[in-house]
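*Asks:* So for the sequence shown, our numbering puts the first residue at 1; every next one is plus one.
Hints are computed from structural coordinates only; laboratory data are not their basis. Hints are not guaranteed to be accurate.
[Stated by the list, open to error] 25 Å max Cα-Cα, derived PhoX-like pairs, lysine-lysine: (1) Lys-586 with Lys-535; (2) Lys-586 with Lys-540; (3) Lys-541 with Lys-512; (4) Lys-586 with Lys-294; (5) Lys-290 with Lys-41; (6) Lys-41 with Lys-217; (7) Lys-541 with Lys-290; (8) Lys-287 with Lys-246; (9) Lys-592 with Lys-541; (10) Lys-398 with Lys-41; (11) Lys-217 with Lys-246; (12) Lys-294 with Lys-119; (13) Lys-217 with Lys-592; (14) Lys-41 with Lys-540; (15) Lys-512 with Lys-294; (16) Lys-535 with Lys-217; (17) Lys-540 with Lys-512; (18) Lys-512 with Lys-287; (19) Lys-540 with Lys-294; (20) Lys-535 with Lys-294; (21) Lys-512 with Lys-290; (22) Lys-246 with Lys-294; (23) Lys-41 with Lys-246.
[Stated by the list, open to error] Computed spacing ranges between beta-carbons, pair by pair: (24) Ser-392 with Gly-256: 38 to 48 Å; (25) Gln-327 with Lys-398: 24 to 34 Å; (26) Pro-44 with Ser-569: 36 to 46 Å; (27) Asp-503 with Ala-248: 51 to 61 Å; (28) Leu-498 with Leu-171: 32 to 42 Å; (29) Ser-242 with Ser-569: 28 to 38 Å; (30) Arg-529 with Thr-170: 52 to 62 Å.
Predicted model only: the values in this text are computed from it and were never measured. Ideal Cβ placement from N, Cα and C applies to all residues, glycine included.
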Amino acid sequence: MQLSLLDLVIICAYMLGTLLIGIWVSRQRSNNTEDYFLGGKRIPWWALGVSNASGMFDIAGTMWLVSMMFVYGLKSAWLPWIWPVFNQIFLMVYLSAWLRRSNAMTGAEWLASRFGEGKGTQLSHLIVVVFALISAVGFIAYAFKGIGKFSEVFLPWGWSADTYALAIFTLTSLYVIKGGMISVVVTEIIQFLLMTLAAISVGIIAISAISPDMIAKAVPHGWLELSFGWELALDWSGVIDSVNDKIASDGFSLFGLFFMMMLFKGVLSSMAGPVPGYDMQRILACKDAKDAAKMSAVVSLVMLIPRYMMVVGLAVLALVFMGPDIQSSQQNFDFEQVLPFAISNFIPVGLVGLLIAGLLAAFMSTFAATINAAPAYFVNDIYRRYLRPSESETHYVKLSYVVSLLIVIVGVSFGWILDSINEIMQWIFAALFGGYSAANILKWHWWRFNGYGYFGGMLSGLLASLALPVIYPSLHPLYAFPFLLFAGAVGSIVATLLTPADDFNVLSQFYKTVRPWGCWGPVRENVSRLNPETKHASMKKDVFNVLVGIVWQTSLVLIAMYLVLQLYSAMLLAILVCLSTSYILKRSWYDKLEA
Numbered sequence: 001m002q003l004s005l006l007d008l009v010i011i012c013a014y015m016l017g018t019l020l021i022g023i024w025v026s027r028q029r030s031n032n033t034e035d036y037f038l039g040g041k042r043i044p045w046w047a048l049g050v051s052n053a054s055g056m057f058d059i060a061g062t063m064w065l066v067s068m069m070f071v072y073g074l075k076s077a078w079l080p081w082i083w084p085v086f087n088q089i090f091l092m093v094y095l096s097a098w099l100r101r102s103n104a105m106t107g108a109e110w111l112a113s114r115f116g117e118g119k120g121t122q123l124s125h126l127i128v129v130v131f132a133l134i135s136a137v138g139f140i141a142y143a144f145k146g147i148g149k150f151s152e153v154f155l156p157w158g159w160s161a162d163t164y165a166l167a168i169f170t171l172t173s174l175y176v177i178k179g180g181m182i183s184v185v186v187t188e189i190i191q192f193l194l195m196t197l198a199a200i201s202v203g204i205i206a207i208s209a210i211s212p213d214m215i216a217k218a219v220p221h222g223w224l225e226l227s228f229g230w231e232l233a234l235d236w237s238g239v240i241d242s243v244n245d246k247i248a249s250d251g252f253s254l255f256g257l258f259f260m261m262m263l264f265k266g267v268l269s270s271m272a273g274p275v276p277g278y279d280m281q282r283i284l285a286c287k288d289a290k291d292a293a294k295m296s297a298v299v300s301l302v303m304l305i306p307r308y309m310m311v312v313g314l315a316v317l318a319l320v321f322m323g324p325d326i327q328s329s330q331q332n333f334d335f336e337q338v339l340p341f342a343i344s345n346f347i348p349v350g351l352v353g354l355l356i357a358g359l360l361a362a363f364m365s366t367f368a369a370t371i372n373a374a375p376a377y378f379v380n381d382i383y384r385r386y387l388r389p390s391e392s393e394t395h396y397v398k399l400s401y402v403v404s405l406l407i408v409i410v411g412v413s414f415g416w417i418l419d420s421i422n423e424i425m426q427w428i429f430a431a432l433f434g435g436y437s438a439a440n441i442l443k444w445h446w447w448r449f450n451g452y453g454y455f456g457g458m459l460s461g462l463l464a465s466l467a468l469p470v471i472y473p474s475l476h477p478l479y480a481f482p483f484l485l486f487a488g489a490v491g492s493i494v495a496t497l498l499t500p501a502d503d504f505n506v507l508s509q510f511y512k513t514v515r516p517w518g519c520w521g522p523v524r525e526n527v528s529r530l531n532p533e534t535k536h537a538s539m540k541k542d543v544f545n546v547l548v549g550i551v552w553q554t555s556l557v558l559i560a561m562y563l564v565l566q567l568y569s570a571m572l573l574a575i576l577v578c579l580s581t582s583y584i585l586k587r588s589w590y591d592k593l594e595a
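Hey, can you work out the whole structure from these sequences and the hints?
*Replies:* If you want it as C-alpha cells, here you go:
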C-alpha cells in the first residue's frame, strides 16, 4: 500500500513520540524489584485498569476478531469465550481480591502463602516459573506474527513481515526493558487513548458509508443473527464460496458443541485465576484488594465498545466492498488479512495514519506488558530465592534487563518459524491454558491440596499440552481441553494423596487472609473457633454476580456490534440489559467491596 505523506508523518510522529516518552519515563530510577515490576504498588487502580485494557487490545487478536466477524457475523460475539474473555468477570467479582490479599510480587511467590515452606512449595515455584516463561514466549511469538503481517501491508520499505516485526520489537524493547512497570503503564495509557480514537472513527466511517441493506446483500442468511442451533447453518455458497472452506478448517460447523466446549473450558479456566503474566501483575500492583477488583472491572468497561466498533466496522467495509472481488477471483484468501486490506482500501487519508499508529500502539502495549511481567518469575522466584539471595536491589533490576532481552529473543525465534496467528492463538488459549486449569482450581477450593499436588498437576498438564500437538496434530485445541484437564487433575490428586497435608497453621492463616469458598471445612471450623469475627465468603453471592457480570460484559459487546450494523432496536435492548445489570452489580458487588 502507498501511504500518503500525511499518514507517514502521523505514524512516524507517533513512533518517535512513544519512544521518547517511554525512554524519558524509564529514566525515573527503579530502586528495587517492587518498583520495577509493580510500580511500588502506588499506581492508581484506574490507570492499571486502562493499562491492562491496552495490553489486551492487541493487534494479532484484533486481526483474528475482524476475520471472525467477517466469516461468522453476529455469532462471532461468542467466539472470544474461547480465551475466555469473561475471565475478567471472575477476577472482578472475587478472584482479584483473593489474589491481592496475598501481598505477593508474583504468582510463584503467592504459593508460599498457600502451601508454606518446604519441598512441595519449592517444586511449585519451579513449575510456575517454567509455565510463565513458556507462556510469555508463546505470547511474544503471537505478537510477532501479528505485527509482521500487519506491517507488511502498510509500511513502505518492502521488507518481509518478519523483518518489520523484528524492527518494531527492537524499538519497543528500548524503553520497556529499561523502564519497568511505570514506563509500561504511562505509555500504555497514551496508546489506549490513541487506539480508542482510531477505533471509534472506524465505526463512524462504516456507519456513514454502508446501509443495512448493503450489509444484508453482502452476507448469507443467518449472518445477522446472534442465536444458533446445534449446527452453524451458515452457507456462503454463491456469496463468497471460499468462506465455507474457512469454516470447515476452523472446526466450528457443529457450533452448538463448540459453544458448550467453550463454556465448559471458559468457566473452569476462569475459576483457575489469571495465568502468570501481565494480568496477574497488574492485580498484584494494586494498592489493596478493593482496588484490584475495581481495576479488573475497568478492563471490560473501557475496552469492549471501542474495540468492537473497529472490528465490526472493518469487517462490514470489507464484506460490502471486497466480497465480490474475493468471490470472482476464486483464489485462496487469507482471512487474517481482512483488517489490513480493509484499512488500505476504505479508510481516508490522515485517519489511515492515525489508525495504523493506533494498531501499532495496540501491539506495543501487549508486547510491553508481556516482557515486563515475565522476568519477575525468574529473577524473584528462582535467582533471588534460591541462587543469590543477598545481592543488592540494583543487581536484581539489572538482571531483569538481561532476562527480558533473552525472553524476547526466544519468542521472536518461535514467531519466525510459525505461519499463522490462529495457530499460535489456539495453542496458547486452548491447549496451554487447558493444562493449567486443574491445579489452579484446586489451589483455591480444596484445603487438602498441597504443594506436591500443585507441582504434579501443573507438570502433567503442561506436558500434556506440549505433547498433544505432536501426538494428535489434527485435534482442535478446544476439544483437547477435557483430556488436558483430566491429565492435570490426575497429577494433582495423586500427588496430593501420596504426600502429607500442609501445615494446618499455614492453611488457617491463608484462609483467614484470603477467605476463599469451597471445600475448606476443617480449616474454616478452626479459623471460626479461634477468630469468631472472621467473615466468610459467600459462594452463592459470587456465582450470582459472575452470571450477572457475564451478561453485562456481553451486552457491552453487542451494543457496539448493533450500533455499527445499524440494528438500532436490538441496540436499545442491549443498552437496557447493560443498564439493568450495571444496577444489579452496583448493589450486589460494588457496594459490598472490602478494602
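*Asks:* CA of Lys-217 to CA of Lys-592, is that 25 Å or under?
*Replies:* violated, 49 Å
*Asks:* Looking only at beta-carbon atoms, does the pair Arg-529, Thr-170 fall within the given range of 52 to 62 Å?
*Replies:* Cβ of Arg-529 to Cβ of Thr-170: about 59 Å, so the range 52 to 62 Å holds.
*Asks:* Taking only the CA atoms, is the gap from Lys-586 to Lys-540 under or equal to 25 Å?
*Replies:* Status holds; Cα separation ~17 Å.
*Asks:* Hint check: Lys-541 vs Lys-512, CA-CA at most 25 Å. Holds or violated?
*Replies:* Judged against 25 Å, a Cα distance of about 19 Å means the pair holds.
*Asks:* Between Lys-246 and Lys-294, is the straight-line Cα distance small enough, at 25 Å or below?
*Replies:* violated, 39 Å
*Asks:* Measure nothing beyond the straight line between the CA atoms of Lys-535 and Lys-294; if it is 25 Å or shorter, mark the hint as holding.
*Replies:* The hint holds at about 21 Å.
*Asks:* At the C-beta level, are Leu-498 and Leu-171 separated by a distance inside 32 to 42 Å?
*Replies:* violated, 51 Å
*Asks:* Quick one, are Lys-217 and Lys-246 close enough, alpha carbons at most 25 Å?
*Replies:* holds, 20 Å
*Asks:* With a cut-off of 25 Å on the C-alpha distance, tell me whether Lys-41 and Lys-540 pass.
*Replies:* Measuring from Cα to Cα gives roughly 31 Å; hence the hint is violated.
*Asks:* Below or equal to 25 Å on CA atoms is what counts here, so check Lys-287 against Lys-246.
*Replies:* violated, 46 Å
*Asks:* Take the C-alpha atoms of Lys-541 and Lys-290, compute the straight-line distance between them, and say whether it is at most 25 Å.
*Replies:* holds, 17 Å
*Asks:* Within 25 Å, alpha carbon to alpha carbon, are Lys-540 and Lys-512?
*Replies:* Satisfied, since the Cα-Cα distance of roughly 19 Å is no more than 25 Å.
Violated hints, listed in ascending order, are 6, 8, 12, 13, 14, 16, 22, 23, 24, 25 and 28; each of the other numbered hints is respected by the structure.
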